Structures are given as structure tokens and as C-alpha cells.
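Asker: Once you have looked at the hints, place chain S on chain D.
Just so you know, the protein sequences line up as chains D and S, in that order.
All the letters of the first sequence, read from the start, carry residue numbers 1 to 313 under my numbering.
All the letters of the second sequence, read from the start, carry residue numbers 314 to 888 under my numbering.
Any given hint might turn out to be false.
Claimed, not checked - For lysine-lysine, the following BS3-like pairs were computed, each having C-alpha atoms within a straight-line distance of at most 30 Å: (1) S:Lys656 with S:Lys579; (2) D:Lys216 with S:Lys682; (3) D:Lys30 with S:Lys342; (4) S:Lys342 with S:Lys656; (5) S:Lys703 with D:Lys40; (6) D:Lys216 with S:Lys791; (7) S:Lys453 with S:Lys401.
Treat the hints as calculated values from the structure; they're not laboratory data.
Given the structure is predicted, the values throughout are model-derived calculations rather than measurements.
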Amino acid sequence: MPSNRHIERYVAPIDETPVAGVDAVDTSQKASSVWGDAWKDMRKRWMTWVCFALIVLVLLAVAFPQLYTRTDPDYKSLMDSLEGPTEGHPLGFNKQGQDVFARLIWGARASVIVGLLATVLTSLIGGIVGAIAGYYGGWLDAVVSRIGDIFFAIPSVLGAIVVMTVLPFRNVFSIAITLAIFGWPQVARIMRGAVLTAKNADYVTASIALGVSRGKILLRHVIPNALAPVIVITTVSLGAYIVAEATLSFLGIGLGDSAISWGMDISAAQSTLRVKPELLLWPSAALAVTVLSFLLLGDVVRDALDPKARSRR
Amino acid sequence: MKESTNVNIDPNAQEIPLLQVRDLQITFKTVNGEVNAVRGVSFDLYQGENLAIVGESGSGKSTTATAILDLLAENGRVSGGSALFNGKDLTKLSRKEMEHIRGREIGYVPQDPMSNLNPVWNVGFQVKETIEANTELRGKDAKARVIEVLKEAGLSDAGSRLRQYPNQFSGGMRQRVLIGIGMSARPKLLVADEPTSALDVTVQRRILDHLGTLTREHGTSVMFITHDLGLAAERAEKLVVMYKGQVVEYGDSKEILADPKHPYTKRLVAAAPSLASRRIQSAVESKATAGTVGDAVAVARDQAAVPTEAPLISVDNVTKIYDISQGGFKKTQFKAADNVSFKIAKGKTMAIVGESGSGKSTIAKLFLKLEDISSGTMTFDGRDVGSWPKRELLEFRRRVQPVFQDPYGTLDPMRSIGASIAEPLVTHGIGDTASNRKTVAELLEQVSLPASTANRYPNELSGGQRQRIAIARALALKPEVLVLDEAVSALDVLVQAQVLQLLADLQAELDLTYLFITHDLGVVRMVADDVTVMRQGRVVEAASTDEVFENPKEQYTIDLLEAIPGGKFEFGTSA
Numbered sequence: 001m002p003s004n005r006h007i008e009r010y011v012a013p014i015d016e017t018p019v020a021g022v023d024a025v026d027t028s029q030k031a032s033s034v035w036g037d038a039w040k041d042m043r044k045r046w047m048t049w050v051c052f053a054l055i056v057l058v059l060l061a062v063a064f065p066q067l068y069t070r071t072d073p074d075y076k077s078l079m080d081s082l083e084g085p086t087e088g089h090p091l092g093f094n095k096q097g098q099d100v101f102a103r104l105i106w107g108a109r110a111s112v113i114v115g116l117l118a119t120v121l122t123s124l125i126g127g128i129v130g131a132i133a134g135y136y137g138g139w140l141d142a143v144v145s146r147i148g149d150i151f152f153a154i155p156s157v158l159g160a161i162v163v164m165t166v167l168p169f170r171n172v173f174s175i176a177i178t179l180a181i182f183g184w185p186q187v188a189r190i191m192r193g194a195v196l197t198a199k200n201a202d203y204v205t206a207s208i209a210l211g212v213s214r215g216k217i218l219l220r221h222v223i224p225n226a227l228a229p230v231i232v233i234t235t236v237s238l239g240a241y242i243v244a245e246a247t248l249s250f251l252g253i254g255l256g257d258s259a260i261s262w263g264m265d266i267s268a269a270q271s272t273l274r275v276k277p278e279l280l281l282w283p284s285a286a287l288a289v290t291v292l293s294f295l296l297l298g299d300v301v302r303d304a305l306d307p308k309a310r311s312r313r
Numbered sequence: 314m315k316e317s318t319n320v321n322i323d324p325n326a327q328e329i330p331l332l333q334v335r336d337l338q339i340t341f342k343t344v345n346g347e348v349n350a351v352r353g354v355s356f357d358l359y360q361g362e363n364l365a366i367v368g369e370s371g372s373g374k375s376t377t378a379t380a381i382l383d384l385l386a387e388n389g390r391v392s393g394g395s396a397l398f399n400g401k402d403l404t405k406l407s408r409k410e411m412e413h414i415r416g417r418e419i420g421y422v423p424q425d426p427m428s429n430l431n432p433v434w435n436v437g438f439q440v441k442e443t444i445e446a447n448t449e450l451r452g453k454d455a456k457a458r459v460i461e462v463l464k465e466a467g468l469s470d471a472g473s474r475l476r477q478y479p480n481q482f483s484g485g486m487r488q489r490v491l492i493g494i495g496m497s498a499r500p501k502l503l504v505a506d507e508p509t510s511a512l513d514v515t516v517q518r519r520i521l522d523h524l525g526t527l528t529r530e531h532g533t534s535v536m537f538i539t540h541d542l543g544l545a546a547e548r549a550e551k552l553v554v555m556y557k558g559q560v561v562e563y564g565d566s567k568e569i570l571a572d573p574k575h576p577y578t579k580r581l582v583a584a585a586p587s588l589a590s591r592r593i594q595s596a597v598e599s600k601a602t603a604g605t606v607g608d609a610v611a612v613a614r615d616q617a618a619v620p621t622e623a624p625l626i627s628v629d630n631v632t633k634i635y636d637i638s639q640g641g642f643k644k645t646q647f648k649a650a651d652n653v654s655f656k657i658a659k660g661k662t663m664a665i666v667g668e669s670g671s672g673k674s675t676i677a678k679l680f681l682k683l684e685d686i687s688s689g690t691m692t693f694d695g696r697d698v699g700s701w702p703k704r705e706l707l708e709f710r711r712r713v714q715p716v717f718q719d720p721y722g723t724l725d726p727m728r729s730i731g732a733s734i735a736e737p738l739v740t741h742g743i744g745d746t747a748s749n750r751k752t753v754a755e756l757l758e759q760v761s762l763p764a765s766t767a768n769r770y771p772n773e774l775s776g777g778q779r780q781r782i783a784i785a786r787a788l789a790l791k792p793e794v795l796v797l798d799e800a801v802s803a804l805d806v807l808v809q810a811q812v813l814q815l816l817a818d819l820q821a822e823l824d825l826t827y828l829f830i831t832h833d834l835g836v837v838r839m840v841a842d843d844v845t846v847m848r849q850g851r852v853v854e855a856a857s858t859d860e861v862f863e864n865p866k867e868q869y870t871i872d873l874l875e876a877i878p879g880g881k882f883e884f885g886t887s888a
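Only chain D is shown next, with the shape it has when bound in the complex (with noise of 0.2 Å):
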């Protein structure tokens, strides 16, 4: 062997390479929970305050939006029929006469609510049919599943017309409901798959050894560790649901003729859509940026809720 390849023996000096004791714990760091961790990382993307800025002022619009306009929504003045914008009403006034921005205004207590509302109603459904179908398995699962799977086929849309056309009464509520017949599927298979990742995890195993009971293991570990997707989903199904309510209602299935909504508003700016495309443009901006807004927060949830989805930064 050639005489250079004996090395010397090298030891690194020990004050430059201390020696920390075994495993200690690290007691510098506040302790932090997953929801604590996923909200210190939303807090340092400025995404995440723009979209909580344009939320809180669709929401301050929901509720109050006499902040914004003091103008009757409602008050037609045939006179001023597609006038455009003057003082007091800057974004001038449709073909009956009513102001736009305050219709605009008035207009999003109706898209958000619906879309809230099925939004709850999608995620309770759909989550606790999704969180027995995966934990207790079996028949019950896949009976569950096979009647999931009959609603995902049949188009949202044309089936909430068929619905909506049935109901007796037409407001937020039986749109909401409308929405949410067809939509808890898609929460209950997300939430079946993350029940199925999470009952066989070890401290699952663990509390089974312990003698937890099922449902208490199901409500306490299995629950709330397949919760994020869940969230996350319902976080963009808002957006999803708040444009379904334009839809239909620019369909003429949606709310009743006396309501105010930005659906009906685009319908309605069909017929003057050479004349003033403004028209047709304000309530539609209105609508993008609302869902927009809960879309983007779908992003900035599901990123800190899981990292590993999260593109390298």
C-alpha cells in the first residue's frame, strides 16, 4: 500500500466541538401546539393579513351596511335610469333606477351568508358522516360511501335546480340547504381518508392499550388529528358556495325576486350589457374578490397546516 495513504489520526479540538448533554430539552422555545405552529406561520406571510383585510370589510358589509351607504338599495327612481356616476352615487344607477354601489353594498349579506351557511352545514354533515364511515368501517362504510358516491354524480348545479325548483319557499336558508345536499360528499371523503391515516396511528394503538373506549378514542384523538384537511377544504368550498348562490340566482332559481344579491344584479345586467357593461362589471368584481379573498386564505390554511405541501421557500 502507497506510504501517503496512512493518514494521521485527527481529533477535533474539544472547545470547538462541545459536547452537548444527551437529549435534553430544548426549554428556550415557547411551547407551541400544531395550532399554534400553523398560526405563527400564517403570521409572517402578508398574505394571510390581506386576506383577512378584504374578509373583515366583506363581513363589516354583511352586517352592517349602513357603514358604508346611506342609500335605499331598493328606492327606484325611473328618472335617473342608467345615469351615470353623482354626487352621492359613485357608481351611478342601473336600469330601474336603483343605486349600484349600494346595491352592491346590500348585495353581499346574501352571497356570504349562503355561502356560510352551507359551509357549516356541508362541513357538519359531511364530516361526521365521513368520521363513522372511516372509524367504525365495515357495512356502515360502505353503505355510507356508495350513497356519497350516488350524490357526486349527479352536477351540483342541475341538481340544486331540480331541488330549488321543488322547495316550497326560496330564501338564504333553502339555498344553503340546496348547496348542502349536494356538497357533503366531498367533506366526507376527505374526512374518511384522514379518520382511515389516524385510527391506525400508535397512540391510537396506545390508548386502545390504555383501555380507552372507542368513542372517546374517536372524539379525542381520531377527530381532532383529521381535522386540517377538513378545514382546509372548507375554506375553499366557501368561495365555492358563495359563487353557486350567483349562479343560481342568476339563473332565476336562486332568491326570491325582492332580494338583493350580486347574482342577481349580473343577471339582471344582460340587458344592458351594451349599452353600460359597468353594470355587469361592479357586482362581478364584487363576487371575484369576495371569493378571491377565501380562496386565497384555503392557501395560506392548508400551507401551514401542512408543510410538506407547501412549496420550497
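Answerer: Using the frame of chain D, we list chain S on its own:
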């Protein structure tokens, strides 16, 4: 072999190292700023030599290897130093130049044989792909080479298996395929990143032997990345010990391991389980065996006295059969445990040791009443476990507690440590909120963690700490038996030694009985009083630990003992 190169060159000439790493620095950009993962690593590797980089997880050993192959993650970069390979600085080459070297001149054997072959392509295609990328061979010639390469890697029936898919190969076979791919272009250097960590010891030995022969024939240098000091002692002439991104010791591997100089290396060597290890003795005076513990002879004498008292746990002719659905109505039966019998006396440790598929974990699940016994009986404290009444199940659960393998899965990430440890107390209706808080603090102290840990969440703790929390949770109900299913297998050696010491202390203090399931004979030597060796569901050999290690009777036991890397190596004990 016709292509073997002659490495014996003129000894008088100053030989240039094949790979010369100098002051290598690697930086990762993270959300919390830049992190220096590797700081100033230097070493030389000559043609035909084997070098091992050892270190614990997070020591930077794999990062160093990936930097040499220019495969660092996107947020990482070489921020200083050089890695000269055949005179070319690998850290400064363009992507194109690197592609030319990777595969052709530097081969790579990745860690996980299960995920490193593409399941949608057959094995022959994947090897051929590498050969066509790195050589001029095409078509029939390439195919002939594929067979040659796989035969060399130890797949003797390579010709007929080319069209098979990775799922038709066992873990060891897949690793052979990966070695074949790594060696296919006759590289000068082969980087093997934990090449056998996922495999059973006997398979590991065959693969390492084969890798050794193959690389020797072709004069290939091998750079092993490993956490296993035994493997390093046995397979590499040179050793780099890394700790927190720095080299703490570098030199001749046998010299270092026989006489470690740096305090970290000393600690690492002292903690490494090997056949030469001794039963860990607790400093705590035991209630039951006070005075008898001390040296191995006394332990052995203790063994002899055992049969006179009734065993706490007795397993008689236990069989577990699983029905495996073959699709449709076809079912086959699989005997996971076949006529298994053993006895454990109170306050003792029984180790069940075996390779994957030996049925050792099945025994643990059966005893924990997580699965039903097919036939045979298991008794605990004189009562039948299988027919233990449902109403009294809570009592059984209180007395027998498990600790599982995966430290990252064993604690609910959503709940604080305090809540996790208190769960058994709440479930069994013991104490109120205030007294439970006190109990949790006491339990944390027992596993040598500060009481403030109770407010923290699992994601803030290391693997070893989580495993200690799992032990604390298991101890909350003051059980008599702990079933430890590979409880220390996922831990780094230092942390593993610490947890084993903790288990020994707790056993002496609380007179606990352990059923210790493991694949690691070194660990068995350190903790067990008695050993049951299992293979394919059957008991191969059962005796006291000393007997099994010093005087094994069955060929399989002998094979297992011989397969432990560096098993016979005398590690330095000057810790």
C-alpha cells in the same frame, strides 16, 4: 473478472486521493434564516479504499454525501470548501458536467430499497435505463450488460427475472438491484447511504459481503454513510465521525473505535450495543433482587433460581392464524405464531428476538389483547389472558402496558405531553385534575425530563424524549408488566443507551417485568435476562441470555450472532 483494475501502483509515487474533501461547508436556507448543516468537513479517500462516515441523525453525514453527488435539496448549497474528485472540484461543476460524472464515475446506492425503485417499470428496464445513460451500450449489448450487472450484484437468476416488477422482489433483492444499478457503469467511487439499514441482519451480512467482493474486484472505493459503528469497524478502513455538522474524529477506523479520543466518540463507542456488551446494571437498589445484582455471574446464578417460583407470565403452545383474503372467496391461512411457549418470572426481562416475519410482534399483540389467540393459552398472574372477562379488562389494561416502536407516532400530536401522560389516569378515574398534575410531574421526573415538559407538544421533542414520554405514560398506572415492542429501535445509539439505562433503573426501582421485542441482538445483550429466538412463527431457541450468546445451540442463532456487523469487534471502553 476481466474488468478488474489493478490498484497496486508504484508505492514510491505520491498517490493522489480519488476524493479529496477540504473544509466543506453546506448551508440551508430555511424560514428561520440560514442554517450551517455542515461546517468544515475534510477527508481523503484513495482508490480501492473504503471509508465510513458515522454519526447520529442530524450530524450532517448524509448531507455531506448528497453534496458530493450534487443532489442537495433546492434550499441547500455548498457555501465553502471543495471536493476534488480526480482533480475536478465537484462543487464547481455545471449541471451537465455533473450528470456526466454521476452514475459513470460516482455510483450511488440509496437508503430505502422499498421506495427507490419505480414500481411502474420492470426491473430490467430500470437497470437498462442507467446503463444506456452512462455507457455507449445499446439494445442487445445493453441487455446483456443488465444481466451481467445483476448477476454480479447477486441475483443469480437475473436473466429470467428482468421482466418482473419491484413488488415481486424482497427487500434484500431490491437492495441488490440498487447495488447493481450503482455499480453498472463501473464507477470509481460508490456512495452507499445506509445501504442495509432497512434489512434484516442476515440479509444485511450477505449484501455487505457481496458488495465488498464486487468493489474489491473492480477496485471501487466505497463511501459508507451509516449510524452503525459495528458496520464501520467491519467494512471500512477509514472512519469519519461527525457530530452536529463537524468532524470530531478522523483516521483509521479500528484505531478510533478501539481507542476513541474525542469525548463524543468515546460516548458513542461506549453506547454502541455489541455482543461484547454486558447487561446494564441499575445503580438503584432493587427491592426484589437486592444484593444479587452486580456481575454477570450473579445474574446467571439468579437465573438458576428462577424456576422455583411461579412465573408471572406463562405462554403455552400459542398459535395465531390469520386468514388472508386472496380475492373473491379464496382464503389462505397464515400462521404468524406457531406453537410458541415461554415463561417470564416477576421482575425479569424476556427478550423475543427475530427478523421481520418471525412473529415476535404478533406475540406482543396477543399478550396485550389487541388480537385474539387462535389456540393455546397465555396466563398472566395465574389467570388466562384469552378469556379475561370484559368487565375486568380495565384491570388488565392497568397492569400490562405497551411501549411502541415509532417515537413519532406514539404520541397524539394534537395533545400536550401533560394531557397524553394523564390520559390513563383520566380513563381509569384515578385522581382529580390537581393530583393528576402532580402525578404527571412525578412521572416526568422518573423518566428524567423537566416537569415543564408537560405543557409542550410532541413536535417540540426529539425521538428519544418522545419515547421517554411514552414510557412515562405507560408507567402512569403503576403497571406490573411493560411490553416493549421495538421500543428503542428507532433511536440513535446514545439516546438508545440512555433509554435502556432508564428502563433498567425503573425495573430495579419498581420491580417491573419486561417483555422486550427486538431485532437487535446487541440490545438484547444489554437488557435481557432470558432470550427467545423466533423464526417464521416458531421458537428456535430459548435460554438465558448468557447461554444464548456464549453457547448458542441452533444454527440459526449462530447465524444471527455472526451476522451482527462488527459483533466480535472489541470496542474501546475508556468512556
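Asker: Hint by hint, note whether the structure agrees.
Answerer: The hints, checked one at a time:
1. Between S:Lys656 and S:Lys579 the alpha-carbon distance is near 38 Å, which puts this suggested pair outside the 30 Å criterion.
2. In summary, the hint linking D:Lys216 to S:Lys682 is supported, as the alpha carbons are separated by about 19 Å, within the 30 Å threshold.
3. Our distance criterion of 30 Å between C-alpha atoms is met by D:Lys30 and S:Lys342, whose separation comes to about 23 Å.
4. Distance check on the hinted pair: S:Lys342 and S:Lys656 sit about 55 Å apart at the alpha-carbon level, beyond 30 Å; violated.
5. A distance of roughly 46 Å separates the Cα atoms of S:Lys703 and D:Lys40; the hinted pair therefore is violated under the 30 Å criterion.
6. As the CA atoms of D:Lys216 and S:Lys791 are separated by approximately 23 Å, the hinted pair is consistent with the 30 Å bound.
7. Restraint check for S:Lys453 and S:Lys401: the C-alpha separation of about 34 Å exceeds 30 Å, so the hint is violated.
In summary, the structure is inconsistent with hints 1, 4, 5, 7 from the numbered list given earlier, while agreeing with the others.
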